[in-house]
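> For chain A, the structure is supplied; the task is to place chain B on it using the hints.
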Amino acid sequence: MNMLTDAAVETALEGAPESNAVKMRGNKVNVFYGEKQALFDVSLDVRENQVTALIGPSGCGKSTFLRCLNRMNDTIDICSVKGEITLDGEDIYNPRIDVVELRARVGMVFQKPNPFPKSIYENIAYGPRIHGLASAKGDLDGIVETSLQKAGLFNEVKDRLHEPGTGLSGGQQQRLCIARAIAVSPEVILMDEPCSALDPIATARVEELIDELRENYTIVIVTHSMQQAARVSQRTAMFHLGNLVEEGPTDKMFTNPEDKRTQDYITGRFG
Amino acid sequence: MQAAVTGYLFLAILALSFIAFYVGRTTANRFVAEQGADVHSRPIYHGAFAAVWVGLPALVLVLLWLLFQGSIIDRLLLASLPASLTEGASASRLSLYLSEIKNVASGRVFSEPSPEVIAAAERYQSWQMIAQWAMVVVALAVAALALYITRARMAPRFRARQSFERTLDIVMILSAVAAILVTIGIIVSLTYEAIQFFRLVPPQEFFFGLNWEPQIAIREDQVAGTGAFGAVPVFTGTLLIATIALVVAVPIGLFSAVYLVEFADDRIRGIVKPILEILAGVPTVVYGFFAVLTVAPAIRQAGGLMGIGISPNSALAAGAVMGIMIIPFISSLSDDALRAVPQSMRDGSFAMGATRAETITRVLLPAALPGIVGGVLLAASRAIGETMIVVMAAGLTATLTANPLNGVTTVTVQIVTLLIGDTAFDNPKTLSAFALGLVLFVVTLCLNVLALRIVRRYRERYE
Numbered sequence: 001m002n003m004l005t006d007a008a009v010e011t012a013l014e015g016a017p018e019s020n021a022v023k024m025r026g027n028k029v030n031v032f033y034g035e036k037q038a039l040f041d042v043s044l045d046v047r048e049n050q051v052t053a054l055i056g057p058s059g060c061g062k063s064t065f066l067r068c069l070n071r072m073n074d075t076i077d078i079c080s081v082k083g084e085i086t087l088d089g090e091d092i093y094n095p096r097i098d099v100v101e102l103r104a105r106v107g108m109v110f111q112k113p114n115p116f117p118k119s120i121y122e123n124i125a126y127g128p129r130i131h132g133l134a135s136a137k138g139d140l141d142g143i144v145e146t147s148l149q150k151a152g153l154f155n156e157v158k159d160r161l162h163e164p165g166t167g168l169s170g171g172q173q174q175r176l177c178i179a180r181a182i183a184v185s186p187e188v189i190l191m192d193e194p195c196s197a198l199d200p201i202a203t204a205r206v207e208e209l210i211d212e213l214r215e216n217y218t219i220v221i222v223t224h225s226m227q228q229a230a231r232v233s234q235r236t237a238m239f240h241l242g243n244l245v246e247e248g249p250t251d252k253m254f255t256n257p258e259d260k261r262t263q264d265y266i267t268g269r270f271g
Numbered sequence: 272m273q274a275a276v277t278g279y280l281f282l283a284i285l286a287l288s289f290i291a292f293y294v295g296r297t298t299a300n301r302f303v304a305e306q307g308a309d310v311h312s313r314p315i316y317h318g319a320f321a322a323v324w325v326g327l328p329a330l331v332l333v334l335l336w337l338l339f340q341g342s343i344i345d346r347l348l349l350a351s352l353p354a355s356l357t358e359g360a361s362a363s364r365l366s367l368y369l370s371e372i373k374n375v376a377s378g379r380v381f382s383e384p385s386p387e388v389i390a391a392a393e394r395y396q397s398w399q400m401i402a403q404w405a406m407v408v409v410a411l412a413v414a415a416l417a418l419y420i421t422r423a424r425m426a427p428r429f430r431a432r433q434s435f436e437r438t439l440d441i442v443m444i445l446s447a448v449a450a451i452l453v454t455i456g457i458i459v460s461l462t463y464e465a466i467q468f469f470r471l472v473p474p475q476e477f478f479f480g481l482n483w484e485p486q487i488a489i490r491e492d493q494v495a496g497t498g499a500f501g502a503v504p505v506f507t508g509t510l511l512i513a514t515i516a517l518v519v520a521v522p523i524g525l526f527s528a529v530y531l532v533e534f535a536d537d538r539i540r541g542i543v544k545p546i547l548e549i550l551a552g553v554p555t556v557v558y559g560f561f562a563v564l565t566v567a568p569a570i571r572q573a574g575g576l577m578g579i580g581i582s583p584n585s586a587l588a589a590g591a592v593m594g595i596m597i598i599p600f601i602s603s604l605s606d607d608a609l610r611a612v613p614q615s616m617r618d619g620s621f622a623m624g625a626t627r628a629e630t631i632t633r634v635l636l637p638a639a640l641p642g643i644v645g646g647v648l649l650a651a652s653r654a655i656g657e658t659m660i661v662v663m664a665a666g667l668t669a670t671l672t673a674n675p676l677n678g679v680t681t682v683t684v685q686i687v688t689l690l691i692g693d694t695a696f697d698n699p700k701t702l703s704a705f706a707l708g709l710v711l712f713v714v715t716l717c718l719n720v721l722a723l724r725i726v727r728r729y730r731e732r733y734e
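Top line first, the protein sequences correspond to chains A and B.
Everything in the first sequence is counted per this note's numbering, starting at 1 for the first residue and increasing by one.
Everything in the second sequence is counted per this note's numbering, starting at 272 for the first residue and increasing by one.
I should point out that these hints are in silico values taken from the structure, not numbers from a laboratory.
Short derived list, chain A residues pointing at chain B, Cβ under 7 Å:
(1) Thr75
(2) Val100
(3) Asn114
(4) Pro117
(5) Ile130
C-beta: ideal position from N, C-alpha, C; glycine also.
So that you can see chain B by itself, here it is in the shape it has in the complex:
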């Protein structure tokens, strides 16, 4: 009911905007007919100006109204409850009252509610209704008022174009700010939960402890470990797998880029490049079962032939498949970097009597190095944050090892397993996921910023 009315209200505001557009344009058309070339802006700008100024304020008002209506009504409700109920009650007790009242109001009655609650539910319903219609009336009044004011401001010399474009500027700035705000919001929520975690587990244990066993008893009578939150094995596991991925991806990606730029003719490039880009589009879950069902058994078998015992979820299998996944990042960024080296560098080198190989290793690669390094860093940040492949192919136990044939776990795998199933948000097991997430976020953010800085500095050079 509430949602439906709000929806119609949005439609009504939109309709008013359209009307404003036509009013604005018609008015301006009349100016043009009367005054000719003396009209400052073209009629369409008058229309757009009116539409924006009728639509936006009403829209913003409705959004703010919806944002605050709920909490205001909640407060009024609590205030209206008899003192005998609210006196000395805890915050969670109060929120329980509120949800009971709302349940009763919407007809979901589980047990016989007390008369106070029934009375409150009735009040709640009527207040909801009042608030809703008040919002409709106020919003439409604002839109109508705005239409009147904008119409009154219209004049032949009115700078409608400038005003409209300034408004658009503001809208664009707000969009950019929204993206930044979301990022800040993520950081804040992660940090908040991580701080909760660090209240329970000292940071030095988390950052320097060598033992990771997050299984702790949820209930008093449960048999489980006491819990150990030394994240070092998790970090080293992540690093091990990411390193294997880079060891696989960097040579293949770089060599394929050099081949595509310096040796391949157009026909071959037209075939190979799209195929490389298909790799980037494969869903990571597909890579995951490729790792589990194909690569890991193959590695295990090969190891068996040589008499080496290899864990079924070895870091090697997960890392190698992740390496294949990030090849396109490295090859396409290196490709761009090599292509951006001006032809005059190649000519200069060839004219000195350099061979193709000397030109590539001594002039082109050094000149393209910043771009290539940027690509590798971006790929590394992708590899560290990659989840699906490792969830499927890497292990769950955190082992502190540098042997790629052992099973290791990664930060992302731990986050997933910690948050699956019944979770209580006041015990360190669950909260540790946020601490891990924060570390992951900070590391990948730093890698990305660094990579982008390097790439950008390089781009400036030849322009």
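So that you can see chain A by itself, here it is in the shape it has in the complex:
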């Protein structure tokens, strides 16, 4: 089965229309939660300035893989990761790597908006403060403003920067969380089903934003919505039962998938 998977990846790579540089690379990644294995030999490349969508039925390991990319799985005691994941060619599970620095370079946006119970300003300023990115007060104001602008939220909240972030609507909160992630100037942004708690209009705003962010950031997004994967991503990877089934340019995946399971999933036959 792994043979098949690797073959599928290679085919997909050859067929890629434009190949950007590889930003992150997973090489035979295996993840265990205690005794239970959640990922089996997953090898997947994330390309610079592209949106990579991870799709697949629930429990297929796509979120687990995503959380490996900035070592968020470290916070789960029983979780262990084997294999190699690199960021710009450097192994991120190497003991020399500081996880704090890694997470500053690889930011994350969660499924449910999780603004801190602080003001909008303080939410954005949190990251720059802990990483010492702003030396003067004016610098911090600038970072907050540009982050909010990049997240397309500035005009909506500029008059109430010092009101609680929890008072915003769900869609605004999620964009606040994206702005918070941007504020530390990461290179990669991981998004774990960022729109699943939002209504269609807020979802459209966030998707638009993801498309704009692609210019400056590399984005990996986990999604349950086929349409969303098709709309926002350039490359798609299909997971099933902890295996990477198939990976390739999104157009090709949705029109002419190699694997029967991908076809069945996309056409709604299971999952």
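Using the frame of chain A, we list chain B on its own:
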């Protein structure tokens, strides 16, 4: 005799209730047998309805009867006494007559009673008897009547369930009201006695006076101080000891909560938490002698080594031990507050590249702050009201000082010492205890209300 009859009466009412229950249920069962599904409520509700309506009115009647019987008979007795005795007599003189009559009636004769009193005692006995049996007859009649009426009301479509549940609602409301009434009663009695005190001692002296020497002569010839009721040193003493307690308890409680929530694994938490909770169950008197016999001498010795004179009943010893007592309050409420911060906050912070320490100090503690503050306020109110430890370990003399090595006294200690021994309730020494009690009550009540409000507002946030 009276008590025995009343007891049997309660049993009889209870028995009638049971009978009513069976009558109700049997009747309803018959409806079911005759009409099938057309019966509105299940038979058990018919039974419960009948039981409640037979039992409750009779019970309430008996209680009211017992409440008023005594004073009515007293009035009748006084009215029946010859005018020569009651003419112009004071209220205390009259109550003396009454107790004499009752003593004679129950056979406790100390001196030869006058013929009027003997006659009155006989009247008293017969009236008692009449009242008692009248009560039994009336109560049983009411119960029987109620049984008849409820039985007559029973019908297949009778909404027994709704009626029964409405009655239960009323019972529950009354229970809640009872608790509130007790609180109001406490406030009223405290206020009443405090007002008596403030008639004798002006409030400005009590609230702003710097000298507290409540020892005054009870008899004319006694040698004692003239009495000074400036309560400021007592209040500052209380504050000093409570502050020391908080200084000890807040860091320890908070750090142990942070450790238990954020660092300890399940095994350690399973050991440490119960031990912390044991602290909350130690009787305060045990803390008291721990303070007197262990902590105070240790502090004194340590002071001696450094050449500092420390009072044997220093505020430090009492406050430190009280601090240990309130650690569980702070740690368990902070524990709850920290645990209530959603995991997504921690994830969000870690994903920003924050360290564990940054996450705790910048996200978790601020998010849990209202809960923690609520816990600290509750603990403070506990510390201010705590009595046993300070009675044993703190001093009796009211000194106006902020030095924790001196002995100070507290509001609770003063209340205890003022009310111990021979006390007359018309002199300011005794009455001042009520003024102190009122202040204590108001302060702790405010602290509790404030703490609960803060905790509640916080709870709403994440739900």
